[in-house]
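Engineer: Listed below are the residues making up each chain.
2 protein chains.
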Amino acid sequence: MIHSLESLRTAVKGQGPKKLAVAVAQDAEVLLAVDGARKLGLATAILIGDEALIRQIAQEHEIPMDCYEIIHETDKVQACRTAVKLVRDGRADVVMKGIIDTSVILKAVLDKEIGLRESPVLSHVALFEVPGFDRLFLITDAAMNIAPDLEAKKHIIRNAVKVAHSMGNETPVVTCLCAVEKVNPKMAATLDAAALAEANRAGEIQGCIVNGPLALDNAISTEAAKHKGITDPYAGHADVLMVPNIETGNVFYKSLVFMAGAKNAGVIVGAKAPVVLTSRADSDETKLNSIALALMIASR
Amino acid sequence: MIHSLESLRTAVKGQGPKKLAVAVAQDAEVLLAVDGARKLGLATAILIGDEALIRQIAQEHEIPMDCYEIIHETDKVQACRTAVKLVRDGRADVVMKGIIDTSVILKAVLDKEIGLRESPVLSHVALFEVPGFDRLFLITDAAMNIAPDLEAKKHIIRNAVKVAHSMGNETPVVTCLCAVEKVNPKMAATLDAAALAEANRAGEIQGCIVNGPLALDNAISTEAAKHKGITDPYAGHADVLMVPNIETGNVFYKSLVFMAGAKNAGVIVGAKAPVVLTSRADSDETKLNSIALALMIASR
Numbered sequence: 016m017i018h019s020l021e022s023l024r025t026a027v028k029g030q031g032p033k034k035l036a037v038a039v040a041q042d043a044e045v046l047l048a049v050d051g052a053r054k055l056g057l058a059t060a061i062l063i064g065d066e067a068l069i070r071q072i073a074q075e076h077e078i079p080m081d082c083y084e085i086i087h088e089t090d091k092v093q094a095c096r097t098a099v100k101l102v103r104d105g106r107a108d109v110v111m112k113g114i115i116d117t118s119v120i121l122k123a124v125l126d127k128e129i130g131l132r133e134s135p136v137l138s139h140v141a142l143f144e145v146p147g148f149d150r151l152f153l154i155t156d157a158a159m160n161i162a163p164d165l166e167a168k169k170h171i172i173r174n175a176v177k178v179a180h181s182m183g184n185e186t187p188v189v190t191c192l193c194a195v196e197k198v199n200p201k202m203a204a205t206l207d208a209a210a211l212a213e214a215n216r217a218g219e220i221q222g223c224i225v226n227g228p229l230a231l232d233n234a235i236s237t238e239a240a241k242h243k244g245i246t247d248p249y250a251g252h253a254d255v256l257m258v259p260n261i262e263t264g265n266v267f268y269k270s271l272v273f274m275a276g277a278k279n280a281g282v283i284v285g286a287k288a289p290v291v292l293t294s295r296a297d298s299d300e301t302k303l304n305s306i307a308l309a310l311m312i313a314s315r
Numbered sequence: 016m017i018h019s020l021e022s023l024r025t026a027v028k029g030q031g032p033k034k035l036a037v038a039v040a041q042d043a044e045v046l047l048a049v050d051g052a053r054k055l056g057l058a059t060a061i062l063i064g065d066e067a068l069i070r071q072i073a074q075e076h077e078i079p080m081d082c083y084e085i086i087h088e089t090d091k092v093q094a095c096r097t098a099v100k101l102v103r104d105g106r107a108d109v110v111m112k113g114i115i116d117t118s119v120i121l122k123a124v125l126d127k128e129i130g131l132r133e134s135p136v137l138s139h140v141a142l143f144e145v146p147g148f149d150r151l152f153l154i155t156d157a158a159m160n161i162a163p164d165l166e167a168k169k170h171i172i173r174n175a176v177k178v179a180h181s182m183g184n185e186t187p188v189v190t191c192l193c194a195v196e197k198v199n200p201k202m203a204a205t206l207d208a209a210a211l212a213e214a215n216r217a218g219e220i221q222g223c224i225v226n227g228p229l230a231l232d233n234a235i236s237t238e239a240a241k242h243k244g245i246t247d248p249y250a251g252h253a254d255v256l257m258v259p260n261i262e263t264g265n266v267f268y269k270s271l272v273f274m275a276g277a278k279n280a281g282v283i284v285g286a287k288a289p290v291v292l293t294s295r296a297d298s299d300e301t302k303l304n305s306i307a308l309a310l311m312i313a314s315r
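Protein chains in written order, with the numbering used here: chain A, 16 to 315; chain B, 16 to 315.
Isolated chain A (complex conformation):
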């Protein structure tokens, strides 16, 4: 089981070379992240985009282009479709976003003809290494689904559980985070949490333990849960923290990065292959971690 982001990178390296399909690759930040992954021995890449621009940026940043295959495609929508097709045809393992709107690449991923559609819901999964904790946490969904309903939450959990499985955690504990521990009809998140735990017990959500409603302290700390008198044996043992809405997830995510000194990775899951969307705000290390996480998921 993967317990740190370093061990994640090491495990990916040990699986042998993988391939990224980078859509609209003419961007310095993206090319530097891809080349970082190559230098670490994580993966090589097929770069789809404007070849002249890609070569110019590579030269400016001393990125050796002889390590890469380039597919010249100036149309950005078409570049996305080509990247997705490469993954569908088994020529690459992971789709990575270059300098293109997220919506465009996801449209290609979801395309019925050439796409990688699998789960009815695509979702964002963030992997966090928090100082002081001896295990990693998956947080979902901090970036994509705004206010998922109960059915969407089931898919979001299933998507995250597959990520946990890919990291060697065969029965992750998925905690549905709320502000309180008791079901309160005035708090929709608590009703959903109880329904999701029930759906898990009924076999509708498999390969994991779903619990909640629990507040964050009682989700991650057995001591806090004991102090509060919570009897759920999985309280305090969360591996996956499912947030009820995007604001909760986003503030949680940012508080970990900017206030708790946490390290992280993030990918879009729910399609047949993961999609890496690094952002300019990500550190170089986060970009590398995100690529590593996507490659780990792709190898399941």
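If you are wondering where the hints come from, they were derived from the structure by calculation, not from laboratory data. Treat the hints with care, since some could be wrong.
Copies of one chain are not kept apart here, so a pair can be met inside one copy or by any two copies together.
Computed cross-link-like contacts, DSS-like style, restricted to lysine-lysine with a CA-CA straight-line distance of at most 25 angstroms [claimed, not checked]:
#, residue 1, residue 2
1, Lys122, Lys197
2, Lys177, Lys122
3, Lys100, Lys127
4, Lys243, Lys278
5, Lys28, Lys287
Starting from the known structure of chain A, fit chain B onto it as the hints suggest.
Structural biologist: For chain B alone, kept in the frame of chain A given last:
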């Protein structure tokens, strides 16, 4: 201006002795917190509750009862009303909850005849000292208002602004936290954030700068805001972080305490005097900080 929880305690001490009215005081944890505040020179207290039980607990924990006035009252509802009346009559400065449901004490606080009603909305304000930051943050509302509408948010902001003023921050920056920086009609929090900033510009919310929508990183870090190309001159300068719903606030609060090593205080504001509701899950230091914050607010 108060920049740390230690300087908050020092400032309260410097204001001279204040008085807590403790409702239903027959509880060891509560009495120990009150006596901690007395030892630090922050305040003394009038203890309202079952006198025999209070004296027994005090003896067991070596709390010197000659420092306290006790009002014997075995009826818990009546004990709450007495505590509130003591504050209304100027005999005490702050109401503190003992071993009684929060709803009971807040009912007394809101009582039209004997209560302390002021703002139409009571709200919870948490004060945080986060390692690595040179200023304190107020977070509201992480514990009381579940899903406040626009009008309620205006009151929540006004309540928090008074707290900031009491700590010497004359024009706090109030950032309405969202998952993104742009108004998105699919995200109600962004619409409210823009409306709140506009209400501030129109003079409807005074004594502060309200901005948003902003994600947490761009609310607290000028570097992150600059990197993202945000032009709002107050981005990165938030003093008050207003969350859109209780789940966001609660997860944020708990992440700071349990994952970022932050120290904190919390009170209920919006009445003529603050109400201290320490919880069993609070550390001794947090309980003291909460008492100190309430006393600081009471002295404004």
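Engineer: Now, for every hint given, state plainly whether the structure supports it.
Structural biologist: Hints versus structure:
1. Taking the closest pair of Cα atoms, lysine 122 and lysine 197 come within 25 angstroms of each other only across two copies (22 angstroms); inside a single copy the shortest separation is 39 angstroms, beyond that limit.
2. In this assembly of identical chains, the alpha carbons of lysine 177 and lysine 122 lie at most 25 angstroms apart only when taken from the same copy (22 angstroms versus 48 angstroms across copies).
3. When the C-alpha separation of lysine 100 and lysine 127 is checked against a cutoff of 25 angstroms, the pair qualifies only within one copy, where the shortest distance is 12 angstroms, while the shortest distance between copies is 69 angstroms.
4. In this homomeric assembly, lysine 243 and lysine 278 come within 25 angstroms of each other (Cα to Cα) only across copies, at 20 angstroms, whereas the closest approach inside a single copy is 29 angstroms.
5. When the C-alpha separation of lysine 28 and lysine 287 is checked against a cutoff of 25 angstroms, the pair qualifies only within one copy, where the shortest distance is 22 angstroms, while the shortest distance between copies is 62 angstroms.
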